[in-house]
Amino acid sequence: MSTAIKDRSSERQKRMLAEYFDALADAPATGRKVVYTFVPGNLTELIENFGLLPVLPEINALQNGMRGRTGDYIHAAEKHGHSEDVCTYVKADIGMLKAGNIGPTGKPLPKPDLLLLSYTGCFTFLKWFELLRKEYDCPVVMLHVPYQGDGVVTPDMRAYVANQIRDKLIPELEKLSGRKFDPDRLREALKRSAAAEDDLVYVLESAKHKPSPIDAYFGGVYYIGPIFTAFRGSQDAVEYYHELREEVDDRIASKLGPVTPDGEVHTEKYRIVTEGPPNWTSFREFWKMFYSEGAVVVASTYTKVGGLYDRGFRHDPHHPLETLADYCMGCYTNLNLPSRINLIESYMREYEADGLLINSVKSCNSFSAGQLMILREIEARTGKPGGFIESDLVDPRYFSAANIKNRLESYFQMIEARRQRA
Amino acid sequence: MDLFIGIDLGSTTTKAVAVDEHGAVLGRGITNSRSNYDVAAQVAREEALTNVRFEVLARRLRDGMPDAARVESQLLAAYRLECFLGALSRLEDHCRRDLENPRFDNDRYAMLEALERILGGVRDDAVQVFSEPARSDFFRDLAGASFIEHAAEIARNGGPAFDRLVGLFDRNIIPVENETETRGFHQLLIAAAGRVAGAPALAALIDDVARTRLHELRSVGTGYGRVRLPFPKECIRSEILCHGLGAHLMFPQTRTVLDIGGQDTKAIQLDANGVVTSFQMNDRCAAGCGRYLGYIADEMNIGLQDLGPLALGARRRVRINSTCTVFAGAEFRDRLAAGQAREDIVAGLHRAIILRAMSLLARSGGIHNEFTFTGGVARNPAAVKALREVAEENYGKLTLNIAPDSIYTGALGAAHFALRDVAVKEAA
Amino acid sequence: MTTDLQTDPLTAVVARATELYEDVELQSVRDWKARGEGRKAIGFLPIYVPREVIHAAGALPVGIMGGGDQLEIVRGDSYFQSYICHLPRSVIEMAVSGRLDALDGFLFPSICDVIRNLSGMFQMLKGQKYVHYLDLPQNFDPELGGRFYRHELRTVADAIGRITGTAVNDERLRRSIRTYNVNRAAIRELLALRIEQPWLVPTTEYYVMLRAGYLLPPDEHTSLLHEYLEHARSSNRRPLDNIRVLVRGAFCEQPPLALLRTIERAGCYVVDDDFVLGSRFIPDAIDETGDPWEALSQAFLKHSLPTASKYDEANNAADLLVQRVRDVRADGVLLMAPSFCDPALLDQPMLAGALDKADIPFTSFKYSEDTGQFQVIREQAGTFADAIKLWGKA
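Chains as they are written, first to last, in the working numbering: chain A, 1 to 422; chain B, 423 to 850; chain C, 851 to 1244.
None of these hints come from the bench; they were simulated from the model.
Hints are supplied without guarantee of correctness; some may be wrong.
[What the hints assert, rightly or not] Pairs of lysine-lysine residues, derived as PhoX-like cross-links and limited to a Cα-Cα distance of at most 25 Å, are as follows:
#1 655(B) to 269(A)
#2 111(A) to 79(A)
#3 1207(C) to 134(A)
#4 168(A) to 1152(C)
#5 98(A) to 1207(C)
#6 98(A) to 33(A)
#7 288(A) to 847(B)
#8 269(A) to 288(A)
#9 1152(C) to 1216(C)
#10 976(C) to 883(C)
#11 210(A) to 14(A)
#12 180(A) to 191(A)
#13 210(A) to 255(A)
#14 14(A) to 191(A)
#15 134(A) to 79(A)
#16 269(A) to 210(A)
#17 175(A) to 33(A)
#18 180(A) to 168(A)
#19 1207(C) to 1239(C)
#20 269(A) to 405(A)
#21 134(A) to 1152(C)
#22 655(B) to 405(A)
#23 111(A) to 175(A)
#24 79(A) to 1216(C)
#25 269(A) to 819(B)
#26 111(A) to 191(A)
#27 33(A) to 180(A)
#28 210(A) to 175(A)
#29 79(A) to 1207(C)
#30 191(A) to 134(A)
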């Protein structure tokens, strides 16, 4: 990632991540307790409140995917009886565990002292931690986050989540850490979260400029890194997003396009909205298929899996537990299909996009089931062409470069042909 | 004369189409894609250019020659024969060189003698073969069939073993396919004219046509192997766009195109100008593509071309749920064992393929009139029948277009893109 | 055929249930609605919805279990990628082809991400009809998950009450609980008979008898079960030299009848399974006297069966499976899961581990509701049965 975006902010992010993985590697020595949890609905501020360290298995899987290790891990998990058909994040994680639990930076990952099953927008999470519980023999706390089936968060839903946090999760965390819950400390952290969120939204929305100074998908995954993982609520995150915002401002002022591993995009030919996660095992190659054609992603739904900040939500220090509940329920994959379609439609219009490109990943039914309907509905509502490609998160067997390139080229050329006709 | 060339580099065949400045098709060429894409493109292109010259010649003949049609068709056949014989003598050269290998030290003489007899037989057969409509466009197919026949006879009569003789062909056909004819159009045609009554008198005309300069203003490449073409990036187009435009040119009222090839299936929606508005391709697995029918034909030990006619004899509808190529054979055997009739099962398989295609069509936006069906599977009558049935059950009465030469659809579209690119550049 | 039906009451009752099973057009629901003015029917997907609530509002609960192997998928495939299971394809096919038009509303209980998202697709397709995702609690504390669930139940009851014009009150709900308790008792009898004398209850018959309960009003289904039990018990069927197996993994997308027949013919009596799981998800009677909402809630939180889609809070689902194998005296286990079924397939390594540890033979395979090829499964199940017969283990 350092060669991808050689800005000060990316150097800072690199340092933050290195320190974080060091802290994890040192945890057995320092005696810090470790909580495994998931990105959507992660309660980082609360975990920090008890001096605990979060580990996010999806992040390990995707980082390992980018480093080319997941093929072997998945193979190992399948040898242990895991089906070819299921989520490859899970299998990459199990495979990593079987291979000695060495994290993406090459340092060992600590065992969990608690599995915080923030069960948001994905059923697989539930099975994932049941599987890890068998491996580690450690307690699990289930935080059931209701789905926005009717497209709204009702007061009962909010109360359900907030009560689980208050009556179940906090006592468990107190027990594990031996520390009392500190509401003031939480409020301070939430204040910092909100500040960072403001700057993140500013950065994401900068893509409304023409040319867009950022790529909101391939670049976007780096931008969301700190706030979606272990750093939300930290001073580091506040500074990172502040710095990032200044850099983006500079690019806007100079009318510069996004930075890519091969330099800057000079001519923005296509403005694309994407739906679905990227492929991690061939991330660079995949990205190149876009920028080599002058395609820039101006908005993506994937960068909302860890929180939908650009629609107004901010962590609210005045209602700490309710705001955490709202945060969990508002993550992208916890939205029902009509809400997702509405969101994408508004992105298409607000960002003046030329088309919607769906990367449908085999692993993630939470994203994928219904995407063909999303595609048709967006085409009908906006009159803009949709494109559809299929790959996977971290299973290299499911990234057929020639196939995907063929489709992407056809798609971009179709946009061009339609534009010429108009 | 100014020409615009489209080349479609497919996974099994490579096609070339040449059009004039009005977009009229002047010549076409086709060859196996092989391992060497460059040669395939060159061979197809040269064949197209040859056909352009024939077209020019034919137009001139039609001006004032009483039996122009006969002369034209015989001349074309004789020309092909000449090309065939040229390739055959190259094959002979390769085989002879091959026979110098020490592994033939024990039976070199017998092999050489057999080779001469076989090739003599192939030569005699060729004269007969080219007096009738061609069974195949490919040297490998025509020469191979005849070679095997003669080799078998020699082996039967105490000559070298059949396997050894056929091995000779198999090894040496590959370099032959990767070479091109050394004689030019003029030389070949003069030789051909010698074989056609009344044609030798045309020497002056032939000279003239052969001297006509063919000026390729622009070429556009497309197809799955397009990135392998030695073309600049702006001269390469996606096969979806080319296929859509080609279908539009063949049937201008086309709004939806279905293409089922060996390895992939495409559903394309077009506007009134032939611009692609939406498309879908099958996912990574080849279920429901032409290859699936190939597996079934293999399983039944019949030719692929016999599968459709067999299915048309079905009396009962059998529902097949899987179009997975991996399971195709097993499912077929299972059903036979369960007492179902061969033709009924095969008809069910055709319907299953069409149902897969229907889902791709639905994903791309449905079927809109007129509906054009292309690709290898469009030549299969049972597939066409099933498609018509299912399409009309779901989308009402439709005009279903199937062009006999639909294999050139992509190349035709590419040639027109070449034409348009030049027009746009000139306008600018 | 008609003479057969008249002479053999067992054949007749099975034929009646089979006819319902094959009714992908939902003709029986249309007929039921036509028999009374303003009748309404509410569809629900696997695994479990508290049908008592629908029933109490005066509506007919109708299980939507997919199209099996009888439905030709023309449009359904265009909604789903090839790596998604088969059930939603046939459900969408039924919806867009008008086969579900007899239904006045749809409940999608939480099972997995695919069925969850299918609820949103139905909201898009059937905008004018009631479509609700029923979020069953994964927190089993009566004060947390219970409170949330009771509220969900009341919301659903209100909505269906508005459709039928009959508001659900406590008394009506208690009466419906009673009705379903009688049905549950009949199902328990069926399960018990099969455990004791599996040769009297062939798997396909057992299966269509359960499925009939997803189309018939509960009273009618109970009568049908009683009728079946009476005739099955008195039939002169003889035991075969089959092994006894327990089946797990088939709780959502259902296996086709031909697959069930294949398993039995390969030498396996199915003595326990999770087919049509919702019909006995709460095996025992629910309290009929107190607060009915509380009763339904407690039944789910504390007395429902373990299954892959439900969080295994007590960390004992695999042990319960081992216990169940012993209770029903099964010789082995078939872990059969639908292709691409996340919950079942992710569950499998845990169940397999526990079976291994307990030295219980098992074998696993995948199927889909429209599986048409049985050769592999026939051989696999046959070998499994033979091995157990010969050596007591596979």
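Now for the hints, and whether the structure bears them out:
| no. | hint | in the structure |
| --- | --- | --- |
| 1 | 655(B) to 269(A) | 16 Å, holds |
| 2 | 111(A) to 79(A) | 23 Å, holds |
| 3 | 1207(C) to 134(A) | 13 Å, holds |
| 4 | 168(A) to 1152(C) | 18 Å, holds |
| 5 | 98(A) to 1207(C) | 19 Å, holds |
| 6 | 98(A) to 33(A) | 22 Å, holds |
| 7 | 288(A) to 847(B) | 28 Å, violated |
| 8 | 269(A) to 288(A) | 14 Å, holds |
| 9 | 1152(C) to 1216(C) | 31 Å, violated |
| 10 | 976(C) to 883(C) | 20 Å, holds |
| 11 | 210(A) to 14(A) | 29 Å, violated |
| 12 | 180(A) to 191(A) | 20 Å, holds |
| 13 | 210(A) to 255(A) | 8 Å, holds |
| 14 | 14(A) to 191(A) | 24 Å, holds |
| 15 | 134(A) to 79(A) | 17 Å, holds |
| 16 | 269(A) to 210(A) | 11 Å, holds |
| 17 | 175(A) to 33(A) | 11 Å, holds |
| 18 | 180(A) to 168(A) | 14 Å, holds |
| 19 | 1207(C) to 1239(C) | 21 Å, holds |
| 20 | 269(A) to 405(A) | 17 Å, holds |
| 21 | 134(A) to 1152(C) | 23 Å, holds |
| 22 | 655(B) to 405(A) | 14 Å, holds |
| 23 | 111(A) to 175(A) | 18 Å, holds |
| 24 | 79(A) to 1216(C) | 17 Å, holds |
| 25 | 269(A) to 819(B) | 41 Å, violated |
| 26 | 111(A) to 191(A) | 31 Å, violated |
| 27 | 33(A) to 180(A) | 15 Å, holds |
| 28 | 210(A) to 175(A) | 53 Å, violated |
| 29 | 79(A) to 1207(C) | 18 Å, holds |
| 30 | 191(A) to 134(A) | 38 Å, violated |
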